[in-house]
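Spelled out from the first residue to the last, the chains are:
Protein chains: 2
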Amino acid sequence: MRPPTIRDVAERAGVSKSLVSLVLRGSDQVRPEKREAVLRAARELGYRPNAAARSLSEQRTRTVGVLLNDLRNPWFVDLLDGLNSLLHAHGLHMLLADARLNRRTGQDPADPLLDLRVDGLVVVGTLPDPAALGAVAARMPVVLAGAREPVPPGVDQVAGDDEQGARLVTEHLIGLGHRRIAHLAGYGAVGELRRRSFEATMRAHGLADRAVVENGDMTEEGGYRATVRLLNRPDRPTAVFAVNDITCVGALSAAEELGLRVPQDLSLVGYDNTSISRLRHLWLTTVDNAGHEVGRRAARFLLDRFERPGGEGRPHLAAPTLEIRGTTAPPP
Amino acid sequence: MRPPTIRDVAERAGVSKSLVSLVLRGSDQVRPEKREAVLRAARELGYRPNAAARSLSEQRTRTVGVLLNDLRNPWFVDLLDGLNSLLHAHGLHMLLADARLNRRTGQDPADPLLDLRVDGLVVVGTLPDPAALGAVAARMPVVLAGAREPVPPGVDQVAGDDEQGARLVTEHLIGLGHRRIAHLAGYGAVGELRRRSFEATMRAHGLADRAVVENGDMTEEGGYRATVRLLNRPDRPTAVFAVNDITCVGALSAAEELGLRVPQDLSLVGYDNTSISRLRHLWLTTVDNAGHEVGRRAARFLLDRFERPGGEGRPHLAAPTLEIRGTTAPPP
DNA sequence: GCCCCTCTTTGGACCGTTCCAGAACCTGTC
DNA sequence: GACAGGTTCTGGAACGGTCCAAAGAGGGGC
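For the record, the sequence lines run as chains A and B.
Residue 293 in my numbering sits at position 281 of the first sequence, and the numbers go up by one each step.
Residue 197 in my numbering sits at position 185 of the second sequence, and the numbers go up by one each step.
Note that these hints are calculated values from the structure, not bench results.
None of these values were measured; they are calculated from a predicted model.
Careful: at least some of the hints might be erroneous.
Any copy will do: because identical chains look the same in the list, a pair fits if it lies in one copy or spans two.
[Said to hold, decoys possible] Heads up, simulated SDA-like pairs for lysine to any residue below, C-alpha to C-alpha not over 20 Å straight-line:
| no. | residue 1 | residue 2 |
| --- | --- | --- |
| 1 | K29 | L57 |
| 2 | K46 | E56 |
| 3 | K29 | D127 |
| 4 | K29 | P61 |
Can you build the whole structure from these sequences, using the hints too?
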């Protein structure tokens with residue numbers, strides 16, 4: 013009653029297990045009638061290859077592990093999509109693990125993937141302990157995707173270009189005629205890059221003294237509170253660039269509560285082009301991080317390292333695009 | 013340069029590989045000094061057990077596969093959380109696969125999990141081909157979680173009680189004083205159950221002739237359009253119960269566009285208690301499907317079947333709760 | 001000093017594949 | 001009919017663990 017093995021198939025087809033193996037791996041050194049017999053026997057028995065046995069023997073799993081930092085922030089779905097399309101074309105599977113779920117249980121979220129001896133690892137988003145990746149990278153290709161934290165040697169890195177994205181936003185607002193522009197800043201490498209680029213762009217347009225930065229915490233509540241502070245200033249800004257969409261939604265609530273119309277009285281911009289920003293009820297102007305392209309590039313890096321292991325870690329920044337929707341307009 | 017094996021550890025510790033195996037599996041039949049030596053050697057070499065080899069030998073993987081129907085609908089995150097907590101307590105790992113990603117590539121999304129010989133399978137949400145589960149269930153425990161479609165024999169099923177949820181909503185609205193109540197219906201088993209329960213509850217309160225049903229398609233756009241139709245009726249309803257949160261957001265847009273204030277002029281209720289419903293800008297009254305409890309119960313079913321394989325498929329419905337937020341009030 | 005018993009430790013078979021060296025089988029040539 | 005050379009097929013050794021039967025070590029009693 014146990015699943016059939018290659019030997020069961022061999023017996024039924026009246027050949028050796030080696031021949032079955034040859035047929036199933038698509039060799040052309042097999043006489044057609046034997047091939048037919050083997051395939052028929054496999055079909056009749058409902059044979060499925062045992063991945064454990066195969067990878068033990070082949071010393072590879074044809075599987076890459078994908079470690080997500082948090083399933084609750086589904087900005088990475090496009091990224092996975094891009095990743096999967098390329099990996100699948102090369103006969104590789106993806107296995108997902110969620111760092112947040114496993115962290116709570118106290119173990120390293122990558123452990124199950126490493127024990128499975130995945131052929132490579134894609135880390136999506138920022139991990140609590142990025143240094144640990146260095147040790148892993150010595151044993152298998154590792155790509156960090158969608159995070160901008162510094163990377164241990166030998167790890168490739170792919171992400172959206174946050175500096176360019178923040179510049180696009182800031183120039184969009186300046187182009188609309190805004191001068192007093194505020195930024196709701198976030199934390200982490202990404203938060204830092206977006207803020208710096210905002211400041212640099214304002215400076216480049218001679219608006220350094222009109223730029224305001226308030227700290228949010230990348231939550232809706234943080235965005236709300238920071239915006240209330242901003243809008244109560246004597247020199248109230250006419251536009252707000254939030255570090256991400258969720259902060260921007262908080263800003264939207266604050267504006268509404270204080271009786272400001274968006275975008276007529278106040279322009280708002282988010283970042284990430286999340287599904288939330290696409291709700292017609294919100295319809296946020298935002299930045300699309302080219303997740304699909306990031307995913308494809310991550311797959312590319314991985315495939316390259318399968319062919320030529322070792323070497324320096326390479327970086328790649330994908331060009332983001334501005335999604336102009338309903339929350340930006342010229343200042344009043 | 014290949015990862016160390018149990019033999020490398022044995023050699024370094026000066027014992028046989030069998031003893032290493034005993035120590036690593038926590039046997040108490042080992043003299044403390046040997047145990048110490050083995051553990052030290054394993055640590056020094058950075059030894060990690062090879063999951064493929066182990067599962068080949070043990071004939072089990074200590075891993076359950078989780079097949080998600082679509083990562084883009086993250087209502088299942090609580091469910092995974094509940095699932096993981098119980099599985100982890102029993103030394104089992106979770107491996108995720110996304111049906112939608114793999115479907116696009118033309119293969120059965122469960123294939124990689126089956127080839128890995130996972131010990132059990134949890135299917136989260138509705139699959140395109142539920143009948144295929146029957147064949148799988150003959151070989152391993154299978155639980156369908158968070159879907160209400162009919163289930164092949166031998167498959168357990170856990171989900172929120174949609175009938176009760178819809179009743180809670182409808183009675184909440186009736187209790188507030190609403191009489192003309194509309195339902196934005198969805199499709200699938202869940203859509204059907206919620207609609208039927210809405211109609212039954214209205215009937216039970218003698219309001220059968222005040223109940224209206226409009227079909228949405230479980231998208232924001234569908235909710236928007238259905239609501240526009242509703243609100244242009246001569247006997248405009250004073251409350252709308254949407255089949256899910258995203259449809260409810262569409263309804264919210266429509267109401268706003270037609271100049272109706274929510275909840276003063278129109279009450280709205282969603283379903284699923286998604287993160288979207290919790291945005292303070294929307295703050296939808298909605299139904300929480302007890303995802304955590306559903307996940308725990310799914311794990312329970314799985315664990316039971318590991319102990320006693322076979323037997324009928326069992327159903328379990330978790331009791332949902334009403335989350336009263338900002339979109340419901342007495343009628344004008 | 002020997003025997004018995006218990007506690008530790010070990011070698012080897014096995015799990016289901018792949019891969020390789022070589023066997024077996026053709027076909028054609030001289 | 002022997003031989004060469006190619007094609008097709010097969011047995012057995014990995015791969016890295018687990019598990020079992022049995023060997024070895026140590027202690028106690030006579």
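Status of each hint after checking the structure:
1. K29 / L57: within (15 Å within a copy, 37 Å between copies)
2. K46 / E56: within (15 Å within a copy, 51 Å between copies)
3. K29 / D127: For K29 and D127, only the inter-copy Cα distance (19 Å) is at most 20 Å; the intra-copy one is 29 Å.
4. K29 / P61: For K29 and P61, only the intra-copy Cα distance (13 Å) is at most 20 Å; the inter-copy one is 28 Å.
In summary, this structure violates none of the numbered hints.
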